[in-house]
Amino acid sequence: MTPSYSGFLGRLDWDALPITGLIQNPNANEIVANAAAAIVLVGVVVVVSLLSWFRLWTPLWRDWLTSVDHKKIGIMYVVFAIVMLARGVLEGVVMRAQQAAGPGDGFLEAEHFAELFSTHGTIMIFFVAVPFVFGIANFVVPLMIGARDVAFPRLNQISLGLTVSSGMMLMVSLVVGRFSTGGWTAYPPYTGAAFNPGVGPDYWIWAIVVSGVGTTLTGINFAVTIYKMRAPGMTFMRLPMYCWTIICSSILIVFAMPPLGVAALLLAADRYLDFHFFTNDLGGNMMNYANLFWLFGHPEVYLLVLPAYGIYSEVFATFSAKRLYGYNSLVIATMSIAVLSFTVWLHHFFTMGQSALINAVFGIATMLIAIPTGVKVYDWMATLWRGRIRFSVPMLYGLAFLMLFVIGGLSGVILANPTVDYQVHNTLFLVAHFHNVLLPGVLFGLLAAYNYWFPKAFGFRLNEVWGRVSVALWTIGFLLTFMPLYFVGLMGMPRRSFSYDDPSFHPFMMVAIVGALVITCALFSVLIQLWVSIRDREKTRVPVGDPWDGRTLEWSIPSPPPPYNFAIIPTVTDRDDFAAAKDKGAAYPTPDAYEDIELPRNTGIGFVLCVLSGIWMFALVWWIWWLAALMTVLMILAVIVWTFDDSTELTIPAEEVRKDHEAWLARVHGEKAVDRDFETSPENRGLARPDLEAVT
Amino acid sequence: MAQVNMPNPIPLLMVAVILLVSMSQMVAASDSFMDPQGPIAAIQKTHLLRATAVIMVAVIPVLILVPLIAFRYRRRRNSYAVYRPDWDFSAKLEFLMWGVPVVIVALLSFYLWKATHRLDPYASTFGEDPALRVQVVGLDWKWLFIYPDLGIASVGEFGIPTKRQVAVTLTTDTVMQSFMIPALAGQIYAMPGMTTQLHLVADAPEVMQGENTQYNGRGFTKQKFRTVAMHNDEFEAWAQKVRDNGIQLNPATYQTLAMRTDRDEVQAALGTDKMPKDALYFTMEQDLFQTILHRYHKGKALPVDQQPGTASFGQEGQQ
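As they're listed, the protein sequences go chains U and Y.
Per the working numbering, the first sequence runs over residues 1 to 696.
Per the working numbering, the second sequence runs over residues 1 to 319.
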């Protein structure tokens, strides 16, 4: 069966559209596929209409798409991540519904179910977790270290562009052609040309390669930013914990992403150029793929969870009104995890046939990671101990995380034992384990960060009630969805099964679908919270900038921060520098003199590369060679032309900085400082009263 | 609105936990290593329970202390609880925090090392008798069991003697798959052109389910088979039955077997009245396993239409 091929449109034809399938064979499966495609198209139409109706195209281009401000790039990353999260969650619900339909074939076809678990995994890891983590980091890190931007602001914009264009490929695959059925790991030879001649694996390959380039550049950018851009006095041992985790994550990215890109490109060489790296014949060997993939894949989960650890460290300290307990231990534990994460990749294939000695060594290496992780959990508990704990939304996420995460840790240590792994690997036990780590670990952390830093980004607080509703829904939804999977996993139900015939699995699947629906409500509650908060924003404004009695530098500036962040770069003298300044009554100093500030000027290069790389990927997927060649040339030209642009900086005159800063200082001195009892009331305008002893 | 009063999620969590614990009562069911039918699965179950118990030493304090600390040190007026905003280090506590996990992991490592070597699928031996050799070939979407010493083969039904080791050697003639009979032993991957091994021992006559756990396309969930453990004499009778009722496994029948077909489709193509409804019996002479294994080592590219598991190799009716 050779795909139809014409020179001009490659292998693109009418059969690529899902509507063709619906016309030929109308059934539930095709209806689900077409509904998904329709959602994408309707979404595009709605966004385009709204932007046109409110005449937002010009501001969108001027203030956002061409911006190199790390704060705006961070916000765009998070918006992108939340859009993709919505798709990922809905796919998860459809999969749970398919299995809840009971023993038998359900309503989806096997191949459609396979596309769902492949896109779900790919989206959640590469287009939700990574952009969300680095969206938050983009916004927060320069503010925390007292910098005016990241080290390479334009590179930052390009990273965003490449991530978004790859994510769009997954959206396009819903409408044109079909995505891979090979899972998010895309193991060959199943994804090779012989067994999967269609476009699916090619969509996966190019989305991974291009977003991987974007992520690698981000890693370089943030490592350099934290090394080189810290404010005077901010030594490494005064670095906020969150920045420590980001620098470790960035280094993990720099080392871990290239193996993934290489693995995907070698697979592309097999598929496009008839190479034999991973084929069955001519010396091809999929073990090489498994090695390369997990050489990336294992550090990957730590590069996601470490920043969440950092977020929790900030949240626990702030809302316990205490210094972080065991800073040195936490730093050592973070670095140990970062190093150890590169020594354990083999536990992903204990059962591929290597010797007992190798399995035992890698099993023990894996369990070693539990030591620094356990230390962290106990350090956080000591941070809470003898504090004054406020149950605000980020804190509630943190408490739920502590209790749920240890269960994920427990199942992780169990999986590290090859003896047991032989039984539960590739079953739903494994699925339950990594969701247990990724939801309470990474997602709760990111949502805590979203609630915590939102007032800094937009100048008003998020709605507290809806925030608490979301915490409860996410927690209950998580428990109901994933705890049953541990049990069916122990009972031997393989992952990625579109159907089953053992009726004893069914009650567990019914609980899981209820949980999935609760998670859907949780997702909606986050959106409702955002809408309600925007509606009520006049009551929750915090222009002074310190609504939570924060401890680190980002809280010492206005909310939202001016484009240059700091009117005067601060000199750091303490680990919790802003808390110490408030303690000494030295917060909000009046500067002696102001200077001109140079900021990077807006540029369209990131957007241009986003569009060109998107078309380039599409052309490669569909074998439209002339278009791929054209896009290659245009991308190279765009970069060359851009290097000739030498007016890259914009100067903000000292006088303007002085005017804005003094207006804000006047506001600080005119505002009434509020006690923590009124933290969630309209009285809280962002000036915290450092009166921690008042309640004792 | 001074303070927003909402129920905190912890009591709700407890309800969920109770629900889950009651579900765990159901896990003991059938085809699982939680109800082991042989010594290997039994050791795996024991190891799971022991490891869980040891890890609980670190987990339980968190589950108990987090709610307690959160409650005791919550912010309120006239709190009697101590408040130490600047306390951030205690050498004793650090010693405990690092020490306890180190001890737990050391203990677990000891068990891990022992159990991993004991159950090494390349070395493990249970009992004195020489093992029964079985060669397993993964196809789309069925497992072919070859008994090289008995001259027979089967699909869909895997007969084994009780109280005797079965030494399984695996490969596939298509994409990677993973072979598992949960009640007897955990999974092992099988890959084309390569072999892996697994040992199985069944304690008593029993019918157990076996499966593939690595997704490999449309028929993945149908790639299950019956494992029938029988006393030695019954096993010999079974082998004789297969020999008497089986059809010849030759290049032509293998071609049909290796097509992209699930169990039902291949049953329709090759099954006879003398075979069970969901199993195929074969007799054979040539060393098919070596032929399959060496297909990929000839130094020449294998044309797609000669690669089992591809669409161009052939497939029975579509779904």
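Any given hint might turn out to be false.
Unchecked claim - According to the in silico footprint, chain U covers these stretches of chain Y (three or more CB under 8 angstroms from chain U):
1. 77-87
2. 128-139
3. 148-162
4. 241-253
As the list claims (entries may be wrong) - Here are the simulated lysine to aspartate or glutamate pairs, EDC-like style, with alpha carbons at most 16 angstroms apart:
5. 222(Y) with 111(U)
6. 584(U) with 598(U)
7. 300(Y) with 274(U)
8. 277(Y) with 287(Y)
Stated by the list, open to error - Examples of chain U residues toward chain Y, derived with CB under 7 angstroms:
9. 22
10. 26
11. 72
12. 75
13. 386
14. 389
15. 417
16. 426
17. 492
Since the hints were made in silico from the structure, they are not lab data.
Ideal placement from N, C-alpha and C gives every residue a C-beta, glycine not left out.
- Item | Hint validity - residue 75(U) Cβ closer than 7 angstroms to any chain Y Cβ | violated, 26 angstroms
- Message: Using the nearest Cβ pair, does residue 426(U) come within less than 7 angstroms of chain Y?
- Response: It holds, given that the least Cβ distance between residue 426(U) and chain Y is near 4 angstroms, below 7 angstroms.
- Count the residues of the segment 241-253 of chain Y with a beta-carbon closer than 8 angstroms to any beta-carbon of chain U: does the count reach three? It is violated: at least three residues are needed, and the segment 241-253 of chain Y offers just 0 whose Cβ sits closer than 8 angstroms to chain U.
- Per the CB criterion, is residue 26(U) less than 7 angstroms away from chain Y? violated, 16 angstroms
- Do three or more residues from the segment 77-87 of chain Y put their C-beta atoms closer than 8 angstroms to C-beta atoms of chain U? Contact hint for the segment 77-87 of chain Y vs chain U: holds, 10 residues under 8 angstroms.
- Query: Are the Cα positions of residue 584(U) and residue 598(U) separated by 16 angstroms at most?
  - Reply: violated, 32 angstroms
- Query: Is the straight-line distance between the alpha-carbon of residue 300(Y) and that of residue 274(U) 16 angstroms or less?
  - Reply: Holds, because 13 angstroms separates the two Cα atoms, which is no more than 16 angstroms.
- Message: Just to be careful: measuring from the Cβ of residue 389(U) to every Cβ in chain Y, is the smallest value less than 7 angstroms?
- Response: holds, 5 angstroms
- Does the interface hint hold: is residue 22(U) within less than 7 angstroms of chain Y, judged Cβ to Cβ? The hint is violated - residue 22(U) has no Cβ within 7 angstroms of chain Y, the shortest such distance being about 17 angstroms.
- Was the hint right that residue 417(U) lines chain Y, CB cutoff 7 angstroms? holds, 5 angstroms
- Message: What's the verdict on residue 222(Y) and residue 111(U), does the C-alpha distance respect the 16 angstroms limit or exceed it?
- Response: holds, 14 angstroms
- Is the hint on residue 386(U) kept, meaning its closest Cβ partner in chain Y is under 7 angstroms away? holds, 4 angstroms
Taken one by one, the earlier hints fail for this structure at numbers 2, 3, 4, 6, 8, 9, 10, 11 and 12, listed in ascending order.
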